[in-house]
Amino acid sequence: MRNKKQCSLFIVSLFIAQCFLAACTGSSQTSQPALPTFTPRGLATASATIEGAPFIPTFTPVPLGQMPGAVTTYRFEVTLDYVGHRAQVIESVEATNDTPDTWNEIVFQLPEALRSEAFILNSLTTDDGQTVANAIYQLTVNLLKVVLPGGAPPGAVAFVTINYGLAAPAISLNTRPPLGNIGYTSDVIQFINWYPVLVPYRAGAGWRAVGSGVADPVFTDVAAYELSVATAENVTVVSGGPQPHKPGFWKFSLKSARTIAFAASARYQSLSQTEGGVAVTSYFLPEHQQAGQDVLTAAAQSLGLFSDRFGAYPYSTLVIAENAYFGSAAASGLILHAGQGYADYNGQPDSLLIALVPQTTARLWWGQVVQGDSFAQPWLNEALPMYAELLFIETFYPDLTDWYWSSRVNYWQPEGLLDRSAADFTDTEDYLRNLLRRGALFLRDLRAAIGDDAFFSFLQDYYRNSAYRTVTTADFFNAMRRHTPNDLNPLLAQYFTSSQQMPTLAPTFTPAPSDTPPGPTPVVHTVEVGENLTLIAQRYGVTVEAIVRANNLRNADSIFVGQQLIIPAP
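The sequence shown maps to residues 182 to 751 in this note's numbering.
Please note: incorrect hints may appear among the correct ones.
Restraint ranges, calculated between C-beta atoms of paired labels, are given here [to be verified]:
| hint | residue 1 | residue 2 | range |
| --- | --- | --- | --- |
| 1 | P330 | W586 | 21 to 31 angstroms |
| 2 | A604 | A348 | 40 to 50 angstroms |
| 3 | S680 | S497 | 18 to 28 angstroms |
| 4 | N303 | P579 | 38 to 48 angstroms |
| 5 | A629 | G457 | 44 to 54 angstroms |
| 6 | A351 | S451 | 42 to 52 angstroms |
| 7 | F430 | G265 | 17 to 27 angstroms |
| 8 | G265 | P330 | 42 to 52 angstroms |
| 9 | N303 | R448 | 29 to 39 angstroms |
| 10 | D580 | P335 | 33 to 43 angstroms |
| 11 | Q450 | P666 | 50 to 60 angstroms |
| 12 | V704 | Q424 | 28 to 38 angstroms |
| 13 | N667 | A750 | 57 to 67 angstroms |
Treat the hints as calculated values from the structure; they're not laboratory data. Note that the Cβ used here is the ideal one computed from N, Cα and C, for glycine as well.
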């Protein structure tokens, strides 16, 4: 019997937490002009290691340190009827209340695929530590709110179990995400954004509101994931964190992960290689073996490059598998890659298949390890992956640099401000055109304004200090400020609303000559991860306003990790 302080909820559900990656090479509307084609001349061939995987480290990847202990654990038991295109799911969620508030309910987001008749809720139960009971819950369009009997006080654990079924609809290789996130073709069935996902809770503010938004955004904190899939013995199942398996029974485990997804096929073949200590495996259909090999090479190249430019990849494995639609999707440790790209592959690096590999791989850093609010500030999850395509091209196919800007970005004539919410975009096409591509243009101009050394040092700093956290636009610019004294406000005015300004530098104090005996040495506090001015002020027994005045801060939110603050006398 569990401790009475624990409030138990068990949820059986069918949902995959996905980091959405739309196919950014084309439009979802038939009236949109086709992607311009380009056949490069005299492309340089990337050098390769003995293993066959190009590797280009120029310095040691920034370590992330020990992964944080997860306060939420998801356990999924999936029975997959591969032939019938259905799945029965038992989703058990164990969430520790690490806040000073008492939880009276627990709230889940329902991704778009669960807002249809394809999602069948069989039962939902809670466990108060003594008895398991049917839960009291409220199901709205995109939220599932579950009442916690007696509440979950600070330090308690809430247990929920959701039992539900999913019926995957038939889709085609031309289906554009988010349609088809749960779907099947004759060869592949996929589950992306497929389960009720716990929304973030913030002390004093409650469960974060998740509204509507194009592109099926998912917003959640890192968690531990355990997934088991029982299916026919001839079916191969792929997901992040693969574990030893038996025919017909597959297991996966991830620590400090943002989301989990999976796909299955009775026809998958695979190739593997090692890149920087990470086992990279490519799954593909037999008729696409050359495409599968080239995707494996491009994924290994991207992994080595981004570990160098951004920081360490946090897992020991990376799986990339052919999916069942047009786009590409990333979840922790997994890329479900553009099925249309495999079918159309022409062997060229400017193809849909290869062009999307670096963008999707970069989402394992930006969107998975580091995540912005997918509803309120989606640009934080979209700009860097789109720009990562250029970093890949600059390194391995420099002759394609002009093609990237002309065909991948400028052809779409992106416009508008970056600091818009997901609800501010009219549809997925608008989102892809005017968020991802405007984000790439902003990062191009930022890099030109501060120089390569400062730009890449900033990216490593930002990644290292933001890993496993939810970041804000303020975190982005605070990290940038640590690497440049330049006045970037004219640049920001081109891409952001007028309220967005660069933070001021931390002041330095040079005492004026005086005959007055010196007073006590000022107390200096170095801001650490997770701190805010309220916590710092309470620690030293001073007011937030006093710290703001002493350091000439623009406001109480403009501090950043590593900043040194003068603490005034109480």
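Quiz prompt | Hint check against the structure, violated hint numbers in rising order | solution = Violated hints (numbers, rising): 1, 2, 3, 4, 5, 6, 8, 10, 12, 13; every other hint is consistent with the structure.
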